[in-house]
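A.B. asks: Residue strings, one per chain:
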Amino acid sequence: MGLTLTKLAQWSAAGYDTGTLEITPLNEAILQEIIMFMEGFIYKYPKEAKYVFVEPLEWETSLELSAFESGYVVSETTAKSEEVDENGEPLLFLSVPQIKIRSFGQLSHFLFMAKDEKLKEAQACIEANRDPVAKILGSEYNTMQEDSTAFNILDKINEDDDPEIGIKIKLAMLLKQLDLHLLNHSLKHISLEIRLNPVSVNKDIELLKRFSGKGEQTVLESIEYTSDYEFSNGCRAPPWRQIRGEMCYVLVKPHDIEALCITCSAEGVFLNGGKTDDEADIDYERKGEIYKDLVTFLTEKSAKFSENMSKHAIDFKEQQKEMDQPGETSKEEADTLQKAITDSDKKPLEKNQINFGKNQMAKRLEPSLNWKATVDFKDRKSSGKDGQEEKRGGKVEGRTSTSPGRPQLLRKSVERIEEIVSDSSSESEEDEETPDHRQEANADLPSEYWQIQKLVKYLKGGNQTATVIALCSMRDFNLAQETCQLAIRDVGGLEVLINLLETDEVKCKIGSLKILKEISHNPQIRRNIVDLGGLPIMVNILDSPHKSLKCLAAETIANVAKFKRARQVVRKHGGITKLVSLLDCAHHSAEPAQSSLYDARDVEVARCGALALWSCSKSNANKEAIRKAGGIPLLARLLKTSHEDMLIPVVGTLQECASEESYRAAIKAERIIENLVKNLSSENEQLQEHCAMAIYQCAEDEETRDLVRLHGGLKPLASLLNNTDNKERLAAVTGAIWKCSISKENVTKFREYKAIETLVGLLTDQPEEVLVNVVGALGECCQEYENRVIIRKCGGIQPLVNLLVGINQALLVNVTKAVGACATEPESMMIIDRLDGVRLLWSLLKNPHPDVKASAAWALCPCIQNAKDAGEMVRSFVGGLELVVNLLKSDNKEVLASVCAAITNIAKDQENLAVITDHGVVPLLSKLANTNNDKLRRHLAEAISRCCMWGRNRVAFGEHKAVAPLVRYLKSNDTNVHRATAQALYQLSEDADNCITMHENGAVKLLLAMVGSPDQELQEAAAGCISNIRRLALATEKARYT
Amino acid sequence: MNRKKLQKLTDTLTKNCKHFNTFEVNCLIKLFYNLVGEGVERQGTTIGLDRNAFRNILHVTFGMTDDMIMDRVFRGFDKDNDGCVNVTEWVCGLSLFLRGSLEEKMKYCFEVFDLNGDGFISKEEMFHMLKNSLLKQPSEEDPDEGIKDLVEITLKKMDYDHDGKLSFADYEQAVREETLLLEAFGPCLPDPKSQMEFEAQVFKDPHDFNDM
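Protein sequence lines correspond, in order, to chains A and B. All residue numbers for the first sequence refer to my numbering, where the first residue is 1 and numbers rise by one. All residue numbers for the second sequence refer to my numbering, where the first residue is 1 and numbers rise by one.
Among the hints, a few may not be true.
As the list claims (entries may be wrong) - Reference listing, derived: stretches of chain B covered by chain A, where coverage requires no fewer than 3 residues with Cβ under 8 Å from a Cβ of chain A:
1) 116 to 128
2) 171 to 181
3) 189 to 195
Keep in mind the hints are simulated off the structure, nothing from the lab. For glycine and all other residues, C-beta sits at the position ideal for the given N, C-alpha and C.
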């Protein structure tokens, strides 16, 4: 413990000798650990506990003499232990207030007697004995001169084998261990202690900004500072708030909830009172819990955020990492520290290493009054060479200029911002920014390089005849090979090729496009083409009267537009409209064959157009542009052809676009489903995949699902399940089956085609994309009794339960749903119980994702209903009930509704009801009562009605003001809500006060109407409630007159 | 020229040149006489466009610049080798020039490029035709080196039988593989833009013609 005490414990600034320990969480933690060690010492090491210290530990105690009990001789001002050393001296001697202790045994006893004062005593002891080890074991063990200890001990061992020395060494080792333990322990505290600072907060906000914007896929709608002024210390809060550690205030508008006004302070992130009426000011008061950072805060508050965040998680982390590089993160410091500590028994600690960590902790925010301009001109000048990046950089300018060493990296992240702003990503592939590696000069260059260089020279310096020859010759190289692609670029060929596109020479344009089309398969080349401004030129060529030119330009655009920025450029230059008009060619059936160099068949033109649109359709804005340009009817017409070459890009485009609601409607209207279904039976796997994918997207809509069935699409889907080699296609097909099986008629069909058995077979050894869909489909099928039986008989329950341990959120949501559906069958429930499925479901309540939580809670309901000994089972989950009750604090409506439903089921068992009552279920439920969500209302009312059955819960609900809002539920339009509410009111009306509240809120009139309901349960409950109210009224009357 | 004679001429030429219809032939004949000039019509002498007049048309109308190629194009039109293009040659030549099939064009182009008419395009002929195709760079020791290299490149690309010269078979195969090589050694066909302009101008408004 010597090391910890000297190095880590936070001594107050006073001199070393007389220092006192500051009261900090870290110190407290260290003391607690020491106390724990000492208290246990006498039991763990009884022999060593008797060892007498070389010098006593002395300090001033505040312990009263009266605290000393048996085993001590107590006089008026002194107390001494009965236990004595060889010389008859007592091992503990107290002469108020000075105390001397000379053995671990006595120390243990003493701490035991000190009871609540332990901490204070330990602190006093440590303060008075700055080097306890030296006093205990003798100065040769002095930890202050760490390096000599090991040698000294070894010397001693060699010198003699006195038993006391053995004990001493054992003790030395024990103390050493304690020391190590303390160091490690305090490390944990240090890492918790790390406070937010403006740099990290700004970084977080900057990053979130990039992922914000319109569209479904972004994490937030907007996030912005409340103030544009930034002080020189990086804070934006006004100085008088900086003193409180507040750094900035942010206005965040998530997709699914109200705008939040958030304070970022050194302690963490919390909700404040929001903007006050006079606009400029903010209500600084804290209105919610403190979270450790912005992301955690938002994850907790907005379900949409956490959902989209998980999609972007990788991107986000990467960027965070990227941005963290300049200033090393605290994590790394912690690592260094950790390493230093583990090394410490071999070599003396380097003091500065520790200090490094300490500095970080001690770093506090200094309030600042220096207004800092947003753009720092001096910095800007220094990075003049990054001019291009800066131009595009916009907001991150400041950052760009601070680290001129990494222009490449920055340029990329800047590009990304742009791309993300306008585009969502329905694509996963092709977007990675491959590092831009240029070939090393003078490295071993392949012979092609020199030949290509020569050809490019002729391209540059030749007339059109020479140019055409050079272009034709260049095509003889293997342009699919990266060396050639990069060689063309590296010798400046791309510029020339793009230049040629601007000439009037049709032959040169054709030749150039033929090459560009090939080399643009390379992601780097694509980027270079866009950077060189090639896309607008190609878009213009789409207007050319020469069809072959149109074709080539469209095909090249199809290749280049594989990444977001390119797609944006195409759109901005009107490319989408032009591409859509290419589709229009194909309806002249009688057409002359290719008559000249410059002609191509109309079908070919349309095919190339579709190819380009397919690439472009991966951006949301482009989808919209295609629709506006009238692309859907044209695509629908092309879909009627039978050329696979044509169908793949057409279906591919439709599939991409079907993610948009407007498209799904149009697809239905244009009778596209029929053709999609037809092409499911094509020979081409890729075509089948895209068709299935398109159906998957469209089948969210009920009418579409029916159309798929009516056009006979279910059978080919079911039969495609049997081919499991092509995983992409399998994922698309299972997806289509999942969505289609939302309709009951479709499920019946699937059962006929034996698809359910096949699906069960797909529950193992499949990639996650497939599993999500398979389980989703089974979940839908399970809604019917026959199918549940089939699944059980095929042994589907075991693999389903096994999937409960996964981490994929989409999968977990589907699996819990499927397992829940299976659990409605008592026989299946037995299997689930045997496989410990309920415990797994229960543990999913801890999942951070609200959808998973809700889905798990829903699934638990049938489990509790159908399990044998459900009450006992529920009790067997340690902490389970508390967990459920605490979920009532969530702010996600679906989670709340599901948890209420679960509580309704749990409360059927009296013992469990008692337990959840103890956990405070009543106030939590009452708090939720003011909701407008009918689903939540229904389950909440049911839960309240159940919970009334225990103790004085009825009264408690009244006390927590749950009754009045419940009465209002009767005005809802949902009969389910009526029934549940009437039952709850009936239960509550057993308490007189509640009856009064109900009456005051006009319940009687509403209930009277319900008595006439065709729903028997509702009738009964309403009548019962009225009768209770009436009875009370009668009783009061009677009381008045007697 | 009287109407009857014109009618007869038109019929004959329409029969011979499959790419034009009667109207178009008529237009071309009219154009021809416009170009030649009505006054020069005399009995006994052949009337037609001489080399210079024809080259002028090629240059102005079809934007050709290479003297040598234009000479060769004139030769291509002037089937009977009498130094001037008469009305039949004019219409037949333009038929191929504007509307010829790939096969016809290949044959025509090969004849244009085969300077000495020996059935092969030799290295020397290529060099001759390409010698102005590269920007002269004064820095280079041998200014012709680039041209020689270009000839080698072309030969490598087109000489399928590796005999160091291009036969028609070589040429045909190369062009079928890559149509861009049709005019490998210089533009001897109208470029699409001037072709369209020419056709639009000459074949415009049939009513004008009917009035005649």
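A.B. asks: Work down the list of hints and note, for each, if the structure agrees.
C.D. replies: Results of checking the hints against the structure:
| no. | hint | in the structure |
| --- | --- | --- |
| 1 | 116 to 128 | violated (count 0) |
| 2 | 171 to 181 | holds (count 4) |
| 3 | 189 to 195 | holds (count 3) |
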